[in-house]
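K.L.:
Okay, here's what each chain looks like letter by letter:
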Amino acid sequence: MTDTVIKLDHLEKTFGDHKVLCGVDLEVKKGEIISVIGSSGSGKSTMLRCINLLEEPTGGKVYYKGTSVTELNLSSYRASVGMVFQQFNLFNNMTALENCVRPQIKVLKRTREEAEKVAREFIERVGMSAYVNARPSQLSGGQKQRIAIARALSMNPEVILFDEPTSALDPEMVGEVLDVIKGLAGMGLTMIVVTHEMAFAKEVSDRVVFMDGGVVLEEGTPDELFGNPKMQRTKEFLARFLGSAE
Amino acid sequence: MNFFVQVWEIVVKYYPFLLKGIGVTMLIALVGTVVGLIIGLLTGIVRTIPLSKNGALKILQKVINAVIAVYIEIFRGTPMMVQAMVIYWGYAFMNGGSTLPLIPAGIFIVSINTGAYMAEIVRGGIISIDKGQFEGAYSVGMTHVQTMFNVIIPQVMKNILPSVSNEFVINIKDTSVLNVIGIAELYYMAGMIKTMTFQTFQAYTVVCVLYFIMTFTVTRILRVIEKKLSGSENYVVCGSQSDPKAEIRVKGGDSV
Numbered sequence: 001m002t003d004t005v006i007k008l009d010h011l012e013k014t015f016g017d018h019k020v021l022c023g024v025d026l027e028v029k030k031g032e033i034i035s036v037i038g039s040s041g042s043g044k045s046t047m048l049r050c051i052n053l054l055e056e057p058t059g060g061k062v063y064y065k066g067t068s069v070t071e072l073n074l075s076s077y078r079a080s081v082g083m084v085f086q087q088f089n090l091f092n093n094m095t096a097l098e099n100c101v102r103p104q105i106k107v108l109k110r111t112r113e114e115a116e117k118v119a120r121e122f123i124e125r126v127g128m129s130a131y132v133n134a135r136p137s138q139l140s141g142g143q144k145q146r147i148a149i150a151r152a153l154s155m156n157p158e159v160i161l162f163d164e165p166t167s168a169l170d171p172e173m174v175g176e177v178l179d180v181i182k183g184l185a186g187m188g189l190t191m192i193v194v195t196h197e198m199a200f201a202k203e204v205s206d207r208v209v210f211m212d213g214g215v216v217l218e219e220g221t222p223d224e225l226f227g228n229p230k231m232q233r234t235k236e237f238l239a240r241f242l243g244s245a246e
Numbered sequence: 247m248n249f250f251v252q253v254w255e256i257v258v259k260y261y262p263f264l265l266k267g268i269g270v271t272m273l274i275a276l277v278g279t280v281v282g283l284i285i286g287l288l289t290g291i292v293r294t295i296p297l298s299k300n301g302a303l304k305i306l307q308k309v310i311n312a313v314i315a316v317y318i319e320i321f322r323g324t325p326m327m328v329q330a331m332v333i334y335w336g337y338a339f340m341n342g343g344s345t346l347p348l349i350p351a352g353i354f355i356v357s358i359n360t361g362a363y364m365a366e367i368v369r370g371g372i373i374s375i376d377k378g379q380f381e382g383a384y385s386v387g388m389t390h391v392q393t394m395f396n397v398i399i400p401q402v403m404k405n406i407l408p409s410v411s412n413e414f415v416i417n418i419k420d421t422s423v424l425n426v427i428g429i430a431e432l433y434y435m436a437g438m439i440k441t442m443t444f445q446t447f448q449a450y451t452v453v454c455v456l457y458f459i460m461t462f463t464v465t466r467i468l469r470v471i472e473k474k475l476s477g478s479e480n481y482v483v484c485g486s487q488s489d490p491k492a493e494i495r496v497k498g499g500d501s502v
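Chains as they are written, first to last, in my numbering: chain A, 1 to 246; chain B, 247 to 502.
Check the hints yourself; a few may be wrong.
Stated by the list, open to error - What follows is a list of derived Cβ distance ranges for each label pair:
id, chain 1, residue 1, chain 2, residue 2, range
1, A, Ser68, B, His390, 21 to 29 Å
2, A, Gly186, B, Ile284, 44 to 52 Å
3, B, Ser298, A, Lys61, 14 to 22 Å
Claimed, not checked - With a Cα cut of at most 30 Å, we get these calculated DSSO-like pairs of lysine-lysine:
id, chain 1, residue 1, chain 2, residue 2
4, A, Lys65, B, Lys299
5, A, Lys61, A, Lys202
6, B, Lys308, A, Lys19
7, A, Lys109, B, Lys299
Because the hints were derived from the structure by calculation, they are not lab data. Since the model is a prediction, treat every value here as computed from it, not as a measurement. Every residue, glycine too, gets a C-beta built ideally from N, C-alpha and C.
Can you make the complete structure from the sequences, with help from the hints?
P.N.:
Structure, rendered in structure tokens:
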């Protein structure tokens with residue numbers, strides 16, 4: 001049990017009288033890379049946002065290393081569960097470097113020198129060293145997303161949640177961001193990636209989760225899920241998705 | 247022309263009064279605007295704190311928000327001249343006739359009046375910031391106050407600066423109402439000169455021109471500051487392939 005990092009126990013989320021999550025059960029082990037796929041409105045992003053409490057679940061529980069997250073210190077829990085957004089959400093009033101430095105100083109109480117050293121290391125890792133002085137408005141979407149990944153990494157998180165990291169990008173920039181995420185696979189990080197990039201999901205993930213109608217309908221290794229889906233809905237979704245992609 | 251000679255004589259003869267009046271006007275307007283902005287920022291931060299789940303805290307938050315709302319409505323809904331009289335003489339009434347020192351009283355009145363307007367300006371500024379900026383900050387573990395001071399307020403300040411400048415210019419003009427409690431600002435000085443020379447038109451013409459010079463100058467200065475604050479369009483790319491120490495200046499606008 002100790003190597004379970006995130007556990008969702010019958011997670012529910014209702015907006016007004018619209019039930020988005022209808023009891024999601026999921027267990028994520030340390031170092032696992034999980035892709036979450038499914039149609040728009042199936043609750044993928046909401047589930048991700050419930051994990052780091054950007055949305056407050058209306059039912060069920062989220063456990064982090066066996067403890068219910070409502071009992072944890074919100075600030076330090078969020079620091080250990082990073083998030084990369086579809087819209088990047090870099091701080092517009094800071095340079096690329098400062099985006100990665102300031103959170104470390106404020107939340108992890110690191111010194112500026114220490115924080116800069118960490119930040120520069122990760123900015124280098126995402127191939128953005130040349131742009132440390134640029135402001136977000138001066139960067140392309142792909143570059144912004146790489147800095148956003150560096151910002152998440154700078155907090156030395158245990159888990160990183162990716163919320164459709166390439167959906168807002170021009171097609172020619174999708175590759176550079178996916179390459180960075182693939183590059184993280186060897187770091188031992190636990191990653192949950194909500195994505196529409198089926199090729200990426202197939203190649204990188206240890207496990208693929210198919211969500212539909214606010215529940216996890218089917219999960220398995222990429223080979224199982226893509227090669228031999230059991231549920232009719234999964235088959236339909238994949239047929240539609242892969243059919244339109246090819 | 248006799249008129250211009252008389253105007254000139256007023257300037258030459260009474261310039262110490264006029265300068266003193268300008269000084270008091272600018273002091274009250276400037277300090278009042280800055281304190282008003284601080285009030286606006288604080289109320290803005292307090293009013294945007296997400297409601298607590300704890301029952302008692304939630305009630306406290308609601309009470310504080312209601313008090314702020316009442317404050318804003320009252321001070322925006324009544325003339326500053328009346329506020330000045332009520333506060334100044336209200337204090338005297340409650341303290342057996344002893345009055346507040348004049349200039350601090352003037353600064354106090356302008357500050358809380360401006361604060362009510364600033365509160366709305368700041369709230370509008372905070373609302374206009376993309377929700378993603380808050381979520382980005384929360385996702386790395388920042389608290390509401392850390393998010394406000396590090397991420398939101400710097401962006402709000404940049405956005406609301408034109409409105410704040412506007413408030414400052416309004417305050418330079420509106421301090422003239424403080425003559426009702428006897429503060430010796432510029433308008434009050436015009437009245438004094440009038441009673442000494444019996445040249446009403448001439449005296450107020452001088453003051454009119456002086457007010458215009460003050461607001462015009464301040465507007466230009468603030469516009470330069472706004473431009474400075476909107477930031478450099480350039481940034482430096484560190485290192486080229488041939489020379490890692492090279493610095494390349496890039497002129498970049500708002501690319502998406």
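K.L.:
Evaluate each hint against the coordinates.
P.N.:
Here's how the hints hold up against the structure:
no., hint, verdict
1, A:Ser68 / B:His390: 21 to 29 Å, "holds (22 Å)"
2, A:Gly186 / B:Ile284: 44 to 52 Å, "holds (50 Å)"
3, B:Ser298 / A:Lys61: 14 to 22 Å, "holds (21 Å)"
4, A:Lys65 / B:Lys299, "holds (24 Å)"
5, A:Lys61 / A:Lys202, "holds (29 Å)"
6, B:Lys308 / A:Lys19, "holds (28 Å)"
7, A:Lys109 / B:Lys299, "holds (27 Å)"
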